[in-house]
Each structure stands twice: as C-alpha cells, then as structure tokens.
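Undergrad: The chain contents come next:
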Amino acid sequence: MNTLMEFLVGTFILAFRGGKKYYAWMGSLILIALVGLGAWVYQLKTGLGITGMRDPVSWGLYIANFTFLVGVAAAAVLLVIPAYIYKWGPIKEIVLLGELLAVAAISMCLMFVTFDLGHPERFWHLIPGLGILNFPISMLSWDVVVLNVYLAVNLIVPVYILYNAYQGREPNYKVLWPLIIFSIPAAVSIHTVTAFLYNGFPSRPFWNASILAPRFIASAFCSGPSFIILAFQLIRKHTQIKIQDRAIFKLAEIIAYAMGINLFLLIAEVFKEYYSATVHLAPMKYLFQGLEGHNELVPFIWTAIAFNTIAFFLFLTPKTRENFFTLNLGCVLMFIGVWIEKGPGLILPGFVPTPLGEMWSYAPTVPEVLITLGIWAIGLIIYTLLLKVAIPIEVGEFRQIKDRLHGIVGQNQ
Amino acid sequence: MSKHNVSTVDPKKASRRKFLKGMAAGAAAAALPVKALAQGSSGFMTYGSWEEYFQKNFQEMTPEEVKATLKRLEEKYTKQYGKKVTVKATPPMENVLFGYALDLSRCIGCRRCVYACVKENNQSRRDPQIHYIHVLRFENGEMEFEKSERYYNPEKVPEEGHYYMPVQCQHCRKAPCVKACPVRATWTEDDGIVVVDYNWCIGCRYCMAACPYEGRAFNWLDPKLPPEELNPDTHYLGNRPRMRGVVEKCTFCIQRTREGRYPACVEACPVGARKFGNLLDPESEIRYILENHRVFRLKEDLLTEPKFYYFFG
Chain U
2 MNTLMEFLVG
12 TFILAFRGGK
22 KYYAWMGSLI
32 LIALVGLGAW
42 VYQLKTGLGI
52 TGMRDPVSWG
62 LYIANFTFLV
72 GVAAAAVLLV
82 IPAYIYKWGP
92 IKEIVLLGEL
102 LAVAAISMCL
112 MFVTFDLGHP
122 ERFWHLIPGL
132 GILNFPISML
142 SWDVVVLNVY
152 LAVNLIVPVY
162 ILYNAYQGRE
172 PNYKVLWPLI
182 IFSIPAAVSI
192 HTVTAFLYNG
202 FPSRPFWNAS
212 ILAPRFIASA
222 FCSGPSFIIL
232 AFQLIRKHTQ
242 IKIQDRAIFK
252 LAEIIAYAMG
262 INLFLLIAEV
272 FKEYYSATVH
282 LAPMKYLFQG
292 LEGHNELVPF
302 IWTAIAFNTI
312 AFFLFLTPKT
322 RENFFTLNLG
332 CVLMFIGVWI
342 EKGPGLILPG
352 FVPTPLGEMW
362 SYAPTVPEVL
372 ITLGIWAIGL
382 IIYTLLLKVA
392 IPIEVGEFRQ
402 IKDRLHGIVG
412 QNQ
Chain B
39 MSKHNVSTVD
49 PKKASRRKFL
59 KGMAAGAAAA
69 ALPVKALAQG
79 SSGFMTYGSW
89 EEYFQKNFQE
99 MTPEEVKATL
109 KRLEEKYTKQ
119 YGKKVTVKAT
129 PPMENVLFGY
139 ALDLSRCIGC
149 RRCVYACVKE
159 NNQSRRDPQI
169 HYIHVLRFEN
179 GEMEFEKSER
189 YYNPEKVPEE
199 GHYYMPVQCQ
209 HCRKAPCVKA
219 CPVRATWTED
229 DGIVVVDYNW
239 CIGCRYCMAA
249 CPYEGRAFNW
259 LDPKLPPEEL
269 NPDTHYLGNR
279 PRMRGVVEKC
289 TFCIQRTREG
299 RYPACVEACP
309 VGARKFGNLL
319 DPESEIRYIL
329 ENHRVFRLKE
339 DLLTEPKFYY
349 FFG
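Listed in order, the protein sequences are those of chains U and B.
Position in the first sequence counted from 1, then plus 1, gives you my numbering.
Position in the second sequence counted from 1, then plus 38, gives you my numbering.
The reader is advised that the hints may include incorrect statements.
Stated by the list, open to error - What follows is a set of in silico ranges between Cβ atoms, one per label pair, in the way DEER data are often shown:
1) B:Lys-157 / U:Trp-303: 34 to 40 angstroms
2) U:Lys-273 / B:Lys-157: 45 to 51 angstroms
3) U:Val-396 / B:Glu-98: 30 to 36 angstroms
4) U:Trp-125 / B:Glu-343: 31 to 37 angstroms
Just so you know, the hints here were simulated from the structure itself, not pulled from any lab data.
Quantities reported herein were computed from a predicted structural model and do not represent experimental measurements.
Backbone N, C-alpha and C define an ideal beta-carbon position, used for all residues, glycine too.
Produce the complete structure using the sequences and hints provided.
TA: Given below as structure tokens:
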C-alpha cells in the first residue's frame, strides 16, 4: 500500500472511531441532514414554489444563510493576521483550524446557492469553456470565481500541511507562505464581492449603499470569531491541541472593536436614511418600524440590535471578556445577532417594498426550513470530520508507520 | 369574478395554501426521498433528450443547430400538448429598433392588456397566474410607486379621482438584468428586444433583483397551461411553453412583431392608449409621439434608458 492509500484509509478509520458523545453528535447531525436532503428532493421534484419565495421577494432563507456564512468563512482565515501579529504560539494550528472552518462554511455557501437555483442541474452553464460565465460583467460571476478559488486555497493549504505532518515532515514554507498570504486578501475579496453582489443595484435602495461592503467585513469579524472562540474551547477540551486563554481573550477583544465599527456604520446608515427621509427610507422603515402593517421583521431586528449591543459591552469590558460564562454568552448572542442582521435583516428589506411599491410579506415554509437546517447539519458534519482527522495529525497521534509494509495507522487511537 | 377586475392570484393566500401543502408533502418526501426522485417524471429532469440537456446557448448555435433545436422542440410540444405547435426563430428585421409609448390620459385600468398578454404568450394560468404587465392605480396628483395600488378591484373602471399606469418590461437600452445574468441567458437583440433563453437560464433570479421595474417573473412551479389554451404559434425566444425554474418576461410579442404585427397588448387596448413601432423609422407613429408629445420614462434617474415611453396625450 502506498503512502496516499494508507493516509486515506487511516483518515477513514479515524472518522468512524469515537466515543459515545461523538456518535450521538454525528448521529443527530446525519439525521437532520437526511431530513433536509429529503425535503430537497421534494423541492427538486416540485419546484421552488414549495418555499415562501415569490416574485416580489425572490430570495429568502437560502440566500440569507449564504450571505451570513460567507462572512464566517472570510473571518476564519482573517484570524491569521492577529495570530501572526500577537504571536499566538504555533501559528500553523490556528491557520489550520481557521482554514478548515472556512472549508466547511464555503461548502455550506455553495450548497445554499445551489439549492436556491431553479435548475441546479444546469450548473455547467457557469463553467467557462463548457458553458458561458458572464465574467467580468456580472457580479454573480465574480462571486462564483472568488468562492471557488477561496475554497481551493483553503483545501490545499491544510491538506498540504497535514499530509506532510502525517509523514513526519515540515511543510515547505516557500510554497506554503505565499498561499497563506494569498488567502488573506482572498478572504477579504469573497466578502467584498458578496457585498457588491447586492450593492450594485440602484433598483434596491436598501442594498445600494456604499457602506454595505465595509459593514459586511466588520460584522464578519464578529460572527466568525464568535464561532471560533466556542470551537476552540471545545477542541482544547476534547483533544490535545493547546490553545492559550490569551489567544481566546484577544479574539474577544477584536470582536468588540469590530462590533463597535459595525454599530457605528449602522448608525451612519440609519441617520442618512431617516434624516434625508426620501423614498429610500421605506425599506429601512419596514425593517425597524414596520410599514403599512407589515411588521414581521421588527421583533427580529430589535432582538439582533439588543444581542449585538449586549455582546459588544461584554467583549469590551476585560472582566466579562475574560470570564468564560459571559464570554460564551457573548459569542452566542453575537452569532445570532449577526445572523439576523446580515441574513434575513439584509436580504428581505432589499425586496420590500418592491421597486413598484408593493408590500409583500415573506415567511419561510417548513420544507424550506428543513432544507436550511439540513445544510447546517452537513456543514457541521464536514467541520467535525475535518477536525477529527486534522487534530490527531497535528498532535502527532496519526502518523505514517514507515517500517511496516502494511502498517495501518493510528493504532494508539 | 369578471376578468376585468382580477389582477392576479393573491400571493399571500397562495403562499399560505402552499405552506400547508408543503408541510404534509415535506414530511412525506423526507421519508421517501428515493421513491420521490424515481417518480420525478415531472421533476426537474424534464429534458426530453440528452440533446436538450446539452443544448448550447441560443446565441452560440449555428443555423443548423437552431434548425435541429426548433424541430426537436416542436415535436416535444406537439406531443406534450396534443396539438400541432410551431416554434420559429424569426430573426430581427434590418433597421428596426422597437419602441413603445403609453398614453396615461387614455388608460382606463381595465387590464384587458394583462389578459391578452397571458393568452398570447402562454403564461402559466394559475398557481400562480404569471403576468408581464402590472397595472398600478394612482390617486390623482400622485406618482409615487409606494402609494400605488395594484390589487384594485372596483365594480367599474375607471374610478373617480384615479389614473392608471401599466408597467411591463421597459426594454432598457442599458438593461441591468442583462448585466446581472451570470450565464448570458438574457440579452438584448438587435431590434432592441430583451429576451431570455429558457433552456440556458439556471434560475438564480439575479436578473429579478436587478430589474427596477418588476419586469421579470419566475416559474416557481410547473407552469399550468391547459392544451386548449395554448397558443401554438410560438417563437424560441418568446412564447414557447416554459418549464419550471426559469425566468420569463415581456418580449414585445416577438413572435408577432418580427412579422410586422402589433403586440397583443396594443391590439387589446380598447382606448388606444398603447402605441408601438420602429424608433428608426421617421414616419412611424412612435416617432411622431416622441416628437410631438412631451414624453417621460420611469425612473429616469437610474439611467437605464428604457425604450418604453409614457405621455399624456
């Protein structure tokens, strides 16, 4: 058996080995994923009409989640910067955990957009050469390019590091560093391009604000690191990876600054619309106050603002930031807050009122929610499996056994 | 309900109904995904053949490929609807740029144009009924879209103190939808008509987000078109039967206007509010209107430069 085969078989075995908690976690995720896939089959069979979307609001829960997760994917890699600046011990591990999260998040993004297509089986129309990619005219074509490049980079770097570690070698940093450096602007670009996707339409005044891209980046620095703080604690509890408290608290501090900027940009946006009070105010009124009796988003957005503000102060104050209870509470509040703000809170007011002034309330249907939960479950499965393989390699538990021809790996697991 | 005063299926009701239906069916599908796919003859794999699945973008087809495609589609539709259907691909005429003008002082808001359009262009008839034309009712003295009403439903039109503004695809010279499409499934033809290749559209609906005029509709479910209501005289880029999951729109009745006829909405208008013609022909009625009336276009500030003009005659 050659090295690659051994490696693959070894990873396969690793994925299936685990304690009761591991099986329970994976089992419930697989169950949710299967229900979601079943609902997707129903959607494929019947059409997108099974969702709550209609012509007036032609994007909904799927695109909302897509937008949010692009932020998570971007921020996961941007962690490299503080990790490098503040010298958080072995930077390789942090890069690795971040890039693997990016892989999971981007996979979810690609699923959300694919499941949102009327004809997912025509995806080949997007492939240059085979089909026609309207590049560089269509902003959506930019998004297709940057997301796929980003996914590729974030797959190559960890696989390269891990495959070398598995063979007991240091990776060639002459190859690795340029890729890691490249992944930083790439992370900024995926979120900028995703913002531009909405930003470029004068038909949708709520999105047509130049503040959108900076706000996207700022809020990504809140949601992504919030997830990572929680994930780091779980990882260091259940594995031998060592992550210092210092690194976690620094992350919380960065979140505080990012949320400060995000709230400031929000105020700038709200001021401009409310004070000038042109027709462009309508979508913002719909979001914050309700418009013509349509106030379904109002409780959500105020929850988001409350959560984000509370979390902001929890992370700003060193005392609460360095207390794991308040820290984790802040992470959960922020993750939910940013999801509302950048998910449904961004997508829906883009459509309502419609360009010809129609008020129309969107609400997701049950199959739509099941599909969404299914994609989240698949994303978490991907992240869990990636960590399950990556961590034993990093801590040296999963290594190639060189003196045995058929040496199967990970005997000490 | 008389057809004069029904604008569209109430989307709220339609969505509630679908919601309930969806709950039941969602659970069923979740239990039996394999069976569900196997039964999916009406599912997303509605291609009659591999040729159809691998069909090129219309703009890239050779004349032979166009011919073969039209023949294949004719056979498919003829079989599907049990009556002879023709699919043509009449090209643009030389030196023609189509333009449209609508006289707001004449329009009485009867929606005859809306229904003539549905009939001519083979739109889905229900769940939901797809309309290319939205007639907005304004109170006199207003022209703010958010104060308009499209679900007006009086005994008789026109109503005292109101005027009406029908809006459809404005066939912009700088069309935001064409710019948006990631696969060039929608484009502007040489005669100025913005068209969609339904077999190339991936159904991302980015064009719908881009359009400032709500000129585009999506087939959320299988279009419901009873064979007896099918208009068998069709154009590849126009009124041929659509499939679920693609975007469609007004094509100035490409199947008619490229043969020198008027769009169905122009013919249906009982008060002559709708004018159509060749912007390049100095003798045309549309040119007369542009030169002798003060015309305006919707949302001029967006600089989309529509070829659809409004005026008060």
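Undergrad: Confirm or reject each hint.
TA: Hint check results:
1. Remark: the range hint 34 to 40 angstroms for Lys-157 (chain B) to Trp-303 (chain U) is contradicted by a beta-carbon distance near 47 angstroms.
2. Take Lys-273 (chain U) and Lys-157 (chain B): their Cβ atoms lie about 46 angstroms apart, and the range 45 to 51 angstroms holds.
3. Take Val-396 (chain U) and Glu-98 (chain B): their Cβ atoms lie about 54 angstroms apart, and the range 30 to 36 angstroms is violated.
4. Between Trp-125 (chain U) and Glu-343 (chain B) the beta carbon distance is about 34 angstroms. The supplied range of 31 to 37 angstroms therefore holds.
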